[in-house]
Amino acid sequence: MSETPRMSIPRPLQWLSVGVMTALATWWVPLVRIKPLDTALAPAADAFDAEAFARAFWTRDLEPALATAAPLAGVLEALRDDAASACRTFGRTVGLSRSCLYLVRATGTIESVSPNECRVVLDVPDGDVVTLTTGLVFGTTVRDVTGTVDLASRADSRDLAAVASAINKLVVTGPIAALKGAAAPGVVVDFVACGQVQTAPSAHKPWKLIPLRVTIGAAP
Amino acid sequence: MHRLLAVAVLSLAALGCTRSSTPSGAASTPAGKPKIAVVISTLNNPWFVVLGETAKARAEELGYDATIFNSENDTAKEAAHFENAIAGGSQAILFNATDSDGSIANVRRAKEAGVPVFCIDREINATDAATSQILSDNHGGCVALGQYFVEAMGEKGNYVEIMGYLGDNNAHNRSKGFHEVVDNYPEIKMIAQQAADFDRAKALEVMETLLQKHGAAINAVFCGNDAMAMGAYQALVAAGRDDVKLFGFDGATEVVALIADGKIAATGMQFPKTMARQAAEYADEWIKGKRDFPQKVPVAVEVVSPDTVAQFGDYGAKEDARPAAR
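Chains as they are written, first to last, in numbering that gives the first Met the number 0: chain P, 0 to 219; chain L, 0 to 325.
Hints are not guaranteed to be accurate.
[Claimed, not checked] List of simulated lysine-lysine pairs, BS3-like, C-alpha gap at most 25 Å:
1) Lys155(L) <-> Lys168(P)
2) Lys155(L) <-> Lys207(P)
3) Lys179(P) <-> Lys168(P)
4) Lys188(L) <-> Lys168(P)
5) Lys317(L) <-> Lys110(L)
6) Lys204(P) <-> Lys317(L)
7) Lys32(L) <-> Lys212(L)
8) Lys287(L) <-> Lys110(L)
9) Lys207(P) <-> Lys179(P)
10) Lys289(L) <-> Lys317(L)
11) Lys287(L) <-> Lys168(P)
12) Lys317(L) <-> Lys262(L)
13) Lys168(P) <-> Lys207(P)
14) Lys155(L) <-> Lys188(L)
15) Lys262(L) <-> Lys212(L)
16) Lys175(L) <-> Lys155(L)
17) Lys262(L) <-> Lys289(L)
18) Lys207(P) <-> Lys272(L)
[To be verified] Restraint ranges, calculated between C-beta atoms of paired labels, are given here:
19) Val128(P) <-> Gly312(L): 32 to 38 Å
20) Gln193(L) <-> Val17(P): 34 to 40 Å
21) Gly261(L) <-> Gly216(P): 43 to 49 Å
Everything labelled a hint here was simulated from the structure, so no lab data went into it. Since this is a predicted model, take the numbers as computed values, not measurements. Ideal Cβ positions, reconstructed from N, Cα and C, are used throughout, including at glycine.
Please model the entire structure based on the sequences and the hints provided.
The structure is reproduced here in structure tokens:
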């Protein structure tokens, strides 16, 4: 009976083979996967489409609601009388909050223009001054002012935060762009806007409103 | 095997109870009173201690025997607390989750056992598990804080961000809300972003490292909570960097005091007492028969800055610590 000769592989080659196999295995199944924070925080590929939600909100919820906006002069008067009562009559709060959201309409004359806002004197006797934002818009005021977005409709609140951001972009590219393009002292503007407030605004600190529909009139 | 598992779960539950009852001081259990469990993610942060203690106190005012359980940021410990609370006959659980996804199973287990869960401050990523979730508007609060940050920075400068625990939605919502504003200003640059798990000691270490690496280039620091802001503050003080503008989030008493002293730039005031009381009251209403609760109740966050600090005090607003409910 003859003995089968054993094939001998040199030791360095053995180590090299082990190294190559280990490298291949860890390439397929890495022991540790390091991701930069920005990648870890990036949305998944099947992420909720906040932009589509925002566009639907705009046409389905916001535009019809604009017709229900309260006269701004009346709201300001009510705020000066009793802010809590004004909120119950004209505004709404979201969850537990000391602030109240209002949807208001008015006509006024632009008094001055600065890079991020214009001051408007309301077209009523002894009209108050308010400011209309012409810069960036942040927060959830526009999303929540109609009360039509169900905050429990998404399990993850980050989705609805993204919706607020997408709606704000629509405001900036829509009514704010229109206002910014035409804003000049003396120009008459008819607008529907929203804003939030805790206490009555004053001449010293006028109410900052976010324009949602703007009609530019002729200078008087 | 099952017996072994049961023994292990019960042992963990017993361990959790022993540890948690010490900070709460809630060892006594007057006979005859219905029980409510208060399960809190961690008691290693004064903000959460206030949250837990307030929930417990309000539940006791309403006639319950309330006990605080400390999950120590560990979902396994949290699971053991839920088992213990359910087995112990708790009629409701006031719950501050450890992990937005990882805590869902615990809430479902309670629901299956007929025990309602009212989430406080931290969200779980499910709308069919908890009876109601009373949550800080972290995103909105950090949008407002971001706007103040831009103003305080004069729209330019370098900053570092110290984020919270990445498994929690709040950490993401705060960061996202802040960046939604700040990223629009090209002369404001984030030169580093690191997580410190909402932990003061970790934030101290992270800030020390960032100071070594970036030194004088750092003009401001944004921290995802006040505990981390306090850790960063310690590191900045030790490095003699009183020129760095520091921003936190929570409304912790010591941070509010440092804002009043001009040492910290601003924070976002959450209302932990408001949330905790509301959760206890919801639980009481549920036990008395009410079943119709809003799934999510956002609680507005307000900016505490040198201009507004006089309005704020002990984890809330001075005059009316409780925002209006509608």
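Evaluation of the provided hints:
1. Pair hint lysine 155(L) plus lysine 168(P) holds up; C-alpha atoms about 23 Å apart against a cutoff of 25 Å.
2. With a C-alpha separation of about 24 Å, the suggested pairing of lysine 155(L) with lysine 207(P) holds against the 25 Å cut-off.
3. For the given pair, lysine 179(P) sits about 15 Å from lysine 168(P) by alpha-carbon distance, which is consistent with the 25 Å threshold.
4. Proximity of lysine 188(L) to lysine 168(P) is assessed by CA-CA distance (about 22 Å); at most 25 Å being required, the pair is judged to hold.
5. The suggested pairing of lysine 317(L) with lysine 110(L) is violated, with an alpha-carbon distance near 37 Å, which exceeds 25 Å.
6. Distance check on the hinted pair: lysine 204(P) and lysine 317(L) sit about 22 Å apart at the alpha-carbon level, within 25 Å; holds.
7. Under the criterion of a C-alpha separation no larger than 25 Å, the hint pairing lysine 32(L) with lysine 212(L) is inconsistent with the structure, at around 57 Å.
8. Restraint check for lysine 287(L) and lysine 110(L): satisfied, since their Cα atoms lie roughly 17 Å apart, inside the 25 Å limit.
9. Under the criterion of a C-alpha separation no larger than 25 Å, the hint pairing lysine 207(P) with lysine 179(P) is consistent with the structure, at around 15 Å.
10. As the CA atoms of lysine 289(L) and lysine 317(L) are separated by approximately 32 Å, the hinted pair breaks the 25 Å bound.
11. Restraint check for lysine 287(L) and lysine 168(P): not satisfied, since their Cα atoms lie roughly 45 Å apart, outside the 25 Å limit.
12. In summary, the hint linking lysine 317(L) to lysine 262(L) is supported, as the alpha carbons are separated by about 21 Å, within the 25 Å threshold.
13. Only pairs whose Cα atoms come within 25 Å are accepted, and lysine 168(P) paired with lysine 207(P) is accepted, the gap being roughly 18 Å.
14. Annotation: proposed proximity of lysine 155(L) to lysine 188(L) holds, straight-line Cα distance about 8 Å (limit 25 Å).
15. For the suggested pair lysine 262(L) and lysine 212(L), the alpha carbons sit about 23 Å apart, so the restraint of at most 25 Å is met.
16. Only pairs whose Cα atoms come within 25 Å are accepted, and lysine 175(L) paired with lysine 155(L) is accepted, the gap being roughly 19 Å.
17. Using a Cα cut-off of 25 Å, the hinted pair lysine 262(L) and lysine 289(L) is violated, with the two alpha carbons roughly 47 Å apart.
18. About 30 Å separates the Cα atoms of lysine 207(P) and lysine 272(L), which puts this hinted pair outside 25 Å; it is violated.
19. A hinted range of 32 to 38 Å holds for the C-beta pair valine 128(P) and glycine 312(L), which are about 33 Å apart.
20. Between glutamine 193(L) and valine 17(P) the beta carbons are some 37 Å apart, a value that agrees with the proposed interval 34 to 40 Å.
21. For glycine 261(L) and glycine 216(P), the hinted distance range of 43 to 49 Å is satisfied, since their beta carbons lie about 48 Å from each other.
Checked against the numbered hints listed earlier, the structure breaks hints 5, 7, 10, 11, 17, 18; every other hint is satisfied.
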